Amino acid sequence: MTENRFDPSNADGRWQRAWDAAGTFIADSDSDKPKSYILEMFPYPSGRIHMGHVRNYTMGDVLARYKKMQGCEVLHPMGWDAFGMPAENAAMEKKVHPGAWTRSNIEAMKEQLQRIGFALDWTREFATCDPEYYGHEQALFLDMYAGGLVYRRSSEVNWDPVDMTVLANEQVIDGKGWRSGAEVEKRKLDQWFLKITDFAEELLDGLGDLKHWPDKVRLMQENWIGKSSGLEFAFELSNGEKLPVYTTRSDTIFGASFCAIAADHPIAQGLTDDPAVAAFIEECKRGGTTAAELETADKLGFDTGITAKHPFTGEPMPVFIANFVLMDYGTGAVMGVPGHDQRDFEFATKYKLPIARVVASDPAQADAPMGGEAEPGDGVIVNSDFLDGKSVEDAKADVINRAEAGEWGKGTTVWRLRDWGISRQRYWGTPIPFIHCAKCDIVPVPKDQLPVTLPEDVDFETPGNPLERHPTWKHTTCPKCGGDAVRETDTLDTFTNSSWYFLRFASQPVDAPFDPVEVAKWMPVQHYIGGIEHAILHLLYARFWTRALSSIGKFDVKEPFAALFTQGMVTHETYHRDELLTPPADYVGDPANYAVRIWLSPDEVEFKDGKAFGKASGKPITVGRVVKMSKSKKNVVDPDNIIANYGADAVRWFMLSDSPPERDLPWSEAGIEGCYRFVQRLWRLFGQVDPSATGEDKALARKAHQAIVAVAEDIEALSFNKAVARIYELTGAAEKAAPSESRNFAIRAILHLIAPMMPHLAEEAHELLGESALIADAAWPDHDPAMLVEDEVTIAIQHKGKLRDTITAPKGAPKEDIEALALASEKVQRSIDGADIRKVIVVPDRLVNIVT
RNA sequence: GCGGGUGUGGCGGAAUGGUAGACGCCGGGGACUUAAAAUCCCCUGAUCCUAUAGAUCGUGUGGGUUCGAGUCCCACCACCCGCACCA
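Oh and the first sequence: position 16 is 16 in the numbering used here, straight run, nothing missing.
These are computed hints drawn from the structure, not numbers from a lab. Accuracy of the hints is not assured; some may be wrong.
[Said to hold, decoys possible] Computed spacing ranges between beta-carbons, pair by pair:
id: 1; residue 1: 512; residue 2: 111; range: 30 to 38 Å
id: 2; residue 1: 20; residue 2: 782; range: 28 to 36 Å
id: 3; residue 1: 416; residue 2: 596; range: 37 to 45 Å
Note that the structure is predicted; figures quoted are calculated from it, not measured. Beta carbons are placed, not taken as given, at the ideal position from N, Cα and C, and that holds for glycine.
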């Protein structure tokens with residue numbers, strides 16, 4: 001019996017050092033065990049580990065430790081996604097170098113991770129801002145360039161006219177620059193692109209093989225890639241030019257009443273001699289570049305005076321320049337069919353263009369008036385000459401056939417997916433390894449000159465790209481002609497860093513990005529875990545890089561992540577009070593609304609009689625909704641404090657308990673206390689193994705065997721909350737049982753079942769039980785299949801669809817016996833009350849339903 | 001605007017179309033203690049009630065399929081997430 005308590009402040013560090021000293025979690029790529037690569041999305045070194053990280057890495061850790069117990073050689077690495085804007089923001093605000101800031105964050109966060117006891121192979125750690133890493137990335141980029149997957153073209157960015165700098169979408173707030181407050185404009189710059197569209201078909205088809213990805217993520221990627229088929233054809237214009245357009249609704253061609261072209265369409269650009277056109281195009285440049293902004297903006301158009309000739313009717317239709325047409329999609333021009341497209345409808349309503357019905361629910365409705373909105377649905381074609389009476393699908397095919405026969409158009413496939421713009425006008429990223437020479441144009445940096453490293457001596461005092469302003473860095477000589485030349489000053493999008501890091505974890509030679517033979521030993525990643533916010537971009541880019549590298553012969557891997565799991569966020573209540581301010585003299589609203597909202601952190605709030613008050617002010621506090629932990633709402637709980645108070649295992653257990661892993665997990669103080677109590681409960685139980693105990697406790701032994709199987713299934717399905725519930729049940733049963741051999745078996749089983757989840761407690765108890773080896777190296781307990789089957793089952797008896805009674809019967813009892821037992825029940829007879837029995841449904845071992 | 005998701009007691013949630021609420025938290029009552037902490041035991045969806053029993057209602061809303069629906073189908077409501085330069 002142990003009366004003492006489990007002391008995490010002592011045990012945690014001791015076992016972490018023991019694992020470290022033994023090299024327990026160092027992955028051996030030469031091992032002949034089956035390999036298992038467990039990976040969580042690596043963190044951005046923002047400064048501190050937050051609860052979201054803890055949740056993410058705890059899940060991966062349980063899997064990694066479990067796989068090891070199942071006899072796998074496990075690769076479970078960790079590193080740092082270390083390039084990005086926050087480092088530059090810190091440089092501007094705190095006057096520290098982005099590299100220094102990042103390095104010190106990494107150091108602090110690594111220490112935090114180590115305190116949680118994760119089973120990580122730290123020998124493979126790297127940061128993407130290491131010149132070795134980004135140098136290899138530059139080499140891969142040059143290989144892709146050589147493979148024809150990289151090109152340059154002009155593309156729009158958010159431009160801050162006051163700070164004279166490019167803004168990221170998140171730096172645009174209500175259409176204004178976040179620092180300057182100036183109205184943001186769209187501006188065109190020459191930028192680098194990766195040809196992800198070459199892989200659109202492959203990336204789409206490949207989704208079908210990703211059986212262990214969530215359906216929702218595959219669906220989101222499918223919609224993002226957005227394959228559509230339709231008709232491309234050219235209108236003849238009144239000015240003699242041709243206007244190619246693309247439509248998915250060629251069936252509605254007789255309903256077209258105008259054409260619309262993008263503001264940066266060549267035809268629009270050709271009309272800028274007219275000051276009115278130039279002014280309108282200027283107008284279209286206002287506002288940001290996000291899809292949400294573009295699609296919710298008021299529809300604006302400018303009638304060019306040019307007309308387009310309808311290919312069937314020959315009728316002239318006005319050509320507008322319109323802000324809702326995207327140059328990047330299709331041909332940058334559309335035919336407007338207001339009756340059956342909502343955007344066209346709004347546009348036509350605004351500019352008083354005809355709105356014709358060409359699809360109806362049935363031919364008799366051909367002249368039904370249009371309602372207040374477009375009708376994009378299915379139906380029968382009407383008012384359309386030779387198409388009348390056809391279905392939408394038949395009409396599409398007919399129009400495409402006629403266009404192809406008449407050689408004025410053809411059926412085509414169009415993708416919503418656009419090529420990936422990777423140029424960033426920023427310092428803290430991978431320098432793009434190209435040189436601009438006046439004579440030789442654009443020249444790749446020779447591989448023996450890689451890495452192109454970032455200069456250290458930069459300042460962030462003046463706005464713009466520090467690489468551009470640096471006095472010497474960009475000046476170099478042309479590798480081709482030897483003349484004066486300048487380096488590319490754009491850096492790569494940080495998503496490129498996270499598009500191949502999993503390969504570098506698997507294999508890290510000095511002279512190459514990776515060794516294909518080593519990579520093949522580990523890839524694909526068996527379980528990849530991270531946030532749902534990465535469902536599209538990061539995951540699509542990583543899939544693309546893998547296929548692109550494969551296509552240029554770097555290795556033979558098609559899909560990087562065999563199974564994907566997207567975990568929910570860690571949330572917390574919010575606390576705030578609204579402080580009234582004195583409104584300025586010209587304020588017209590209700591003075592009661594002129595207030596500033598002050599957010600309080602959980603430790604600034606105290607509760608009295610169920611009401612919240614500010615600790616410092618004593619003022620009443622409003623308890624707000626439960627939302628993702630964020631600095632701005634101050635509802636953040638620091639893992640360090642929690643670990644100091646309760647130990648790593650209680651926190652890990654909390655992360656796995658209660659909420660299903662794909663859903664949000666609300667943090668609560670009461671919850672972590674409950675977990676801590678359970679840690680101590682287990683500690684007491686582990687101390688109760690009694691070597692002198694004899695005898696069998698069949699019911700308990702059966703529960704233990706069942707739990708060994710069920711917990712394994714739950715962990716493999718990542719249903720940690722269910723595994724936790726089963727362990728609670730078995731623990732309760734073991735506590736209540738009298739000493740016996742079976743009880744000793746059950747307690748040892750529990751010890752092994754919790755080992756992946758609460759490894760420090762498990763090691764400590766394992767040692768207490770006289771074991772000299774690490775439980776981290778132990779095997780998952782065996783079970784006896786004969787012990788999984790129950791001999792008796794409880795059968796529910798329903799009448800009129802409601803439960804009336806339950807009976808106990810031997811498992812597998814014949815239907816007739818069960819029916820007889822059910823009808824013999826007094827409660828059932830009372831419910832039936834003499835009514836005629838029409839039917840009795842018997843589900844063996846489950847239930848009887850009596851229908852009267 | 002487009003795309004995706006979620007909705008079950010006071011709270012987190014469980015439930016191959018088959019006993020709704022497992023398990024945990026909170027709360028209530030009790031035991032132990034000089035006292036407290038810790039620990040242990042019991043109760044804990046709502047309503048009715050003639051109360052150790054029994055009945056009715058109950059899984060966001062409204063319909064439907066079925067002997068039987070939290071689960072399947074249709075329509076709707078609310079909230080959350082993503083939208084290409086945040087990571």
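Hints, verified against the model:
1. 512 with 111: 30 to 38 Å: Taking Cβ atoms as reference, residue 512 and residue 111 lie about 32 Å apart, which means the hint holds.
2. 20 with 782: 28 to 36 Å: With Cβ atoms ~30 Å apart, the hint holds.
3. 416 with 596: 37 to 45 Å: Since residue 416 and residue 596 have Cβ atoms about 42 Å apart, the given range 37 to 45 Å holds.
In summary, this structure violates none of the numbered hints.
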